[in-house]
Structure formats: C-alpha cells, structure tokens
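Per this note's numbering, the sequence shown starts with residue 1, numbered consecutively.
Any given hint might turn out to be false.
Straight-line alpha carbon distances no greater than 30 Å define the calculated DSBU-like cross-link-like pairs of lysine-lysine that follow [to be verified]: (1) 54 x 94; (2) 94 x 72; (3) 164 x 177; (4) 28 x 43; (5) 94 x 177; (6) 54 x 72; (7) 104 x 170; (8) 54 x 104; (9) 101 x 43; (10) 159 x 177; (11) 101 x 21; (12) 72 x 104; (13) 170 x 159; (14) 170 x 101; (15) 54 x 43; (16) 101 x 54.
Label pairs and their in silico Cβ distance ranges [stated by the list, open to error]: (17) 66 x 142: 48 to 58 Å; (18) 140 x 58: 22 to 32 Å; (19) 102 x 32: 22 to 32 Å; (20) 78 x 135: 40 to 50 Å; (21) 67 x 26: 22 to 32 Å; (22) 81 x 106: 17 to 27 Å; (23) 75 x 22: 18 to 28 Å; (24) 89 x 61: 16 to 26 Å.
Derived from the structure by calculation, the hints contain no laboratory data.
We put the beta carbon where it would ideally sit given N, CA and C, even for glycine.
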Amino acid sequence: MSNESNLINTNENEILECILKAAPYFQKIFPIDNMIGISDTEKFLGLIPGNAVKIPFDVIGMPLPQGDPLTKAVRTGQFNSVTVPAEQFGFSFKSIGLPIKDQKGRVIGGLAIGISLENQNLLFEAAESVAAASQEITATTEELTSAATMLASSLAEIKEMSEKVLNSVKLTDDILKFINDVAANSNLLGLNAAIEAARAGE
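Sequences and hints are given; from them, build the entire structure.
So, in structure tokens, the structure goes:
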C-alpha cells in the first residue's frame, strides 16, 4: 500500500473518529428524542441510542442494510430520509442519512439521525381532535342559529297577535262604552217617562 493510500485511510479514520466523539454532543443539541448512528462505507461504527428511540440490538460492526437512508446516503453521496413506522421497531421515527466526505469530496462514511415522531403524532392527534371539536361547534352553532331564527319568527308572530289582541280589547272597550252610554240614556229615558207618568197621574 502506498504512502498516499495510508495517508488517505488515516485521514478518513480521523474524520470518522472525530464524528464518533462528537455524536453524543450532536444528540444533546436536539430538543427531541433521537438516536445517532455513524458508519464507514461498509458497516456501522457506532450508535448512540435515545431514550425511547433506540434499536433493540447491537448494530456496531453490522453491514449497512439495503434500502436504509444511511446506506443510500453513503452510496449516492446525497441526503436521504424516510419515515419508519412504529410496526418496525415499536416506535415511529424519521430516519435521515447524511454522507460524510473527506477534504476532496469523497464519501468516506455516513451519519444517520433517527428523530422521534411521538410529539408530531401527538400534535397530529390533537389537531384531529380540535378539527372534530370545531366541526361539532360549527354544527351546534348552526343549530343555535336555526333555533334563534325560529324564535325570532315566533316572537314576531306573538307580537303581531298581541297587537291584534290589543286592538280587539280597544274595540271591546269602545263597544262597552257605547253600551254604557246607551244604558245611561235608557235610564234617563225611563226616569223621564216615570216623571211624566207621575205628572199625568196628578
């Protein structure tokens, strides 16, 4: 092996070793539960598990799995991500693969970050609950609006009926007054007739 080849391998190892040492600090920067994996171009070199986000077996030394975002990042030299469902490991997480390159831009390994989707799922469920509650409130508001419209219509009818009753009462008052007037006049006529009869009798 040439000196240049040894130098390249040494530089690659130094870069990957530095990332391995820095990975726990990277992990603490994230406010969300996560795990971090580091690999060379063939196998896993390290894995820092999260609290709930952790692979239930040791991956160090294992070959990179086909289809994994980390493997794709190492093979293509491009960022890659996928959402891993809870059925696979018992928890849902976003897996992100990033290629690690040397000073000349050659891919020498990869960095994988698994970010918990628990908070996102909780927020999604909360948003669904709020949406359902909003629909119920809208339906209730529509019912209240309909009831208020019916009540307003009923009140208008009651007002109209009240006005008719008042008019009828007023008309009745007029009729009673007329009858009283007639009765008073009739009494006067009777009194006058009695007086005349008395005079005639004298």
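Which of the listed hints are not met by the structure?
Those not satisfied are hints 5, 7, 8, 14 and 18.
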